[in-house]
Structure formats: C-alpha cells, structure tokens
Amino acid sequence: MKDLWSKGMNNAENAILCGTSAGGLATILNCDNFKSLLPENVKVKCVADAGFFINGKTISGTSDIQEMYRKIVNLHGSAKNLPSACTSVMEPSLVRV
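For the sequence shown, my numbering gives the first residue as 676, with consecutive numbering after it.
Read the hints as simulated data drawn from the structure, not as lab findings. Among the hints, a few may not be true.
Said to hold, decoys possible - Think about it this way: if two alpha-carbon atoms lie no more than 25 angstroms apart in a straight line, the pair counts; the simulated SDA-like pairs of lysine to any residue are:
1. 677 / 740
2. 755 / 740
3. 682 / 706
4. 718 / 695
5. 720 / 742
6. 682 / 732
7. 732 / 761
8. 710 / 700
9. 746 / 724
10. 718 / 694
11. 718 / 701
12. 677 / 723
13. 718 / 740
14. 720 / 740
15. 732 / 742
16. 746 / 695
17. 677 / 688
18. 746 / 766
19. 710 / 692
20. 755 / 734
21. 720 / 688
22. 732 / 764
23. 677 / 687
24. 682 / 714
25. 710 / 688
26. 710 / 691
27. 720 / 696
Work the whole structure out from these sequences, hints included.
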C-alpha cells in the first residue's frame, strides 16, 4: 500500500481489491482491512475469484480438497504447530486457524 500511496492511491475515488484462488481467499479475509487503509470517501469493492475451497466430494466421489490439505499438512509438518485442543478431536488437515 505504501508503494501505491506514493503512486497516487491517496487520490483514489474508487479502489478494487481482487485475487484468484489463494489470492481470492486473501481478498475475502482482508477486504475490511484494505478499506480501513483508505480515506472514508473511497468506494471499495472486493472481488474474490475462486477463493472459497469447499470440503465436499467431487462428482466421482473423491474428496480432493481434503486430500490436498492432508498433503500440505504432511509436507510442511504443520500438525505440531496446530492447537492440540483441535488436533485431539480431529485430524490436523481439518483444522482451520
């Protein structure tokens, strides 16, 4: 934002925050914060393109998103950093913090 501010963002009348996939999720999570960084009169819109990951089954009956989270947790060894209150009642790939 500092870089954009120096390039004229401080004079903006409209601002759009957008992202795709993980960036879409970041857009959902940061829209209010983005708006708070701008003057109150700026009209802000946020566009999240494919940023919500549904933990459901595919048409073939597989749980691809769940498997992806399981692989990420295993790859990064994340389980040890998750709250034990959560991992004691569910597998680490289901924990969202």
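Violated constraints from the hint list, given by number and in increasing order
1, 5, 6, 13, 14, 20
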